[in-house]
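S.K.: If you read the sequences in order, they're chains G and D. Residue 155 in our numbering sits at position 155 of the first sequence, with consecutive numbering throughout. Residue 298 in our numbering sits at position 27 of the second sequence, with consecutive numbering throughout.
It is worth saying that the hints were derived from the structure and are not from the lab. Virtual Cβ for every residue (Gly too), placed ideally from N, Cα, C. Heads up, some of the hints might be wrong.
Said to hold, decoys possible - For the chain G half of the interface with chain D, some residues (derived, Cβ under 8 Å), not all of them:
no.: 1; residue: A55
no.: 2; residue: A61
no.: 3; residue: A206
no.: 4; residue: V212
no.: 5; residue: A217
no.: 6; residue: S231
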Amino acid sequence: MLSFAIWTLLAGAVAGSLGALLGIGGGVLLVPLLHSFLGLSISEAAAVSLVGVLAVSASTAASPKARELFNARLAVLMLIFSVSGATFGAKVLDLLSETTYERIFGLTAIAVALILVARLNHHDEDLGEAADVGLLGGRFYDEYTGAEISYAVRRLPIGAVVSFVAGVLASFLGIGGGVLLVPTLNAWCGVPMRVAAATSAFMIGATAVPGVITHYAAGNLNGFELAAAASLGAMAGYRLGLRLSTRAPVRGLKMLMAGVLIVIALVYLVR
Amino acid sequence: MTRPPRPQPSPIQILSRQLAQAGLALSLAVLVSGLAASMAGAVSTSVSLLAMGCAVLVVMPVVAVFLVLAEEVRRRDWLFVAAAVVVIALIAYTTFDRLR
Numbered sequence: 001m002l003s004f005a006i007w008t009l010l011a012g013a014v015a016g017s018l019g020a021l022l023g024i025g026g027g028v029l030l031v032p033l034l035h036s037f038l039g040l041s042i043s044e045a046a047a048v049s050l051v052g053v054l055a056v057s058a059s060t061a062a063s064p065k066a067r068e069l070f071n072a073r074l075a076v077l078m079l080i081f082s083v084s085g086a087t088f089g090a091k092v093l094d095l096l097s098e099t100t101y102e103r104i105f106g107l108t109a110i111a112v113a114l115i116l117v118a119r120l121n122h123h124d125e126d127l128g129e130a131a132d133v134g135l136l137g138g139r140f141y142d143e144y145t146g147a148e149i150s151y152a153v154r155r156l157p158i159g160a161v162v163s164f165v166a167g168v169l170a171s172f173l174g175i176g177g178g179v180l181l182v183p184t185l186n187a188w189c190g191v192p193m194r195v196a197a198a199t200s201a202f203m204i205g206a207t208a209v210p211g212v213i214t215h216y217a218a219g220n221l222n223g224f225e226l227a228a229a230a231s232l233g234a235m236a237g238y239r240l241g242l243r244l245s246t247r248a249p250v251r252g253l254k255m256l257m258a259g260v261l262i263v264i265a266l267v268y269l270v271r
Numbered sequence: 272m273t274r275p276p277r278p279q280p281s282p283i284q285i286l287s288r289q290l291a292q293a294g295l296a297l298s299l300a301v302l303v304s305g306l307a308a309s310m311a312g313a314v315s316t317s318v319s320l321l322a323m324g325c326a327v328l329v330v331m332p333v334v335a336v337f338l339v340l341a342e343e344v345r346r347r348d349w350l351f352v353a354a355a356v357v358v359i360a361l362i363a364y365t366t367f368d369r370l371r
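Turn these sequences into a full structure, and let the hints guide you.
M.R.: Spelled out as structure tokens, the structure:
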């Protein structure tokens, strides 16, 4: 169990670092590692991963910089859909076989890899000081460009649909859904990348709750040791990721992650 | 360009930040203690502490939604009050449905 816990701690640290660097919970890497390398069933891996996702979300919520960027109104509106999706996912969790889970995970990993590659050259749009940002938009000071950025939220129905899907996948697969939410909010809804990441990190915490409770009730969180190790790793990894965030080659990291995800997807879809 | 002055956070936003930091510190301390107890062979203590640490992590986002609700009530923005109530109701439904 000790070596399992150490590997889980390291995997959690990778997930936490990705949370800080790319604004995702890291469950999409944590689940295959726990499932394929440590031999947990995919339901157990999903349960442990979701607790790690909660730790990433809690770390973001405690970060003063992330709190400045977080759009609470947008988050709470999107949470209606993501928590509905998670509640629906939790209801039908027992109906799927292990093989079906693996197929869904493989397809999700491919989708996420394609999204990461498609968004490599995406740039945020600034509406300008005088712009009306509407009910859900906002303004924030961007430290990297040294300018105040104004943004409005567009195409809300797309955000709502993706939030619902992210919620279903959170309960099914143990991924927080940030990997779908951040690119959607950024590329389609007009939310700047850093605001999308902070808002998504808040959302994935509440979205993970129905899944964690359902997995706990189903007995997938045996003894809590692995969940604790994943959480502690995620907390440490998040702090490391924050330190690296100004220097890390984010574009290269995205390409590397896309490559890893395609390999993971092939493993799940071909076997 | 010089940085414009930051808007002053409301008392609820300050409370939310303080609770998030306290919750993270508490869960970290309890989980580390639980893993230490596990390595020392104190199984029942370890399970209790680890379960408590995970429970703190589960409760934190729910508390955050409650604080968003409180902030929107303070602003009297009833659309977002209703949204926060729906989110809390959905989480409560799953919790009671699965744990009863």
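S.K.: Now tell me if each hint is right for this structure.
M.R.: Hint by hint, here is what the structure shows:
{"no.": "1", "hint": "A55", "verdict": "6 Å, holds"}
{"no.": "2", "hint": "A61", "verdict": "4 Å, holds"}
{"no.": "3", "hint": "A206", "verdict": "4 Å, holds"}
{"no.": "4", "hint": "V212", "verdict": "6 Å, holds"}
{"no.": "5", "hint": "A217", "verdict": "4 Å, holds"}
{"no.": "6", "hint": "S231", "verdict": "6 Å, holds"}
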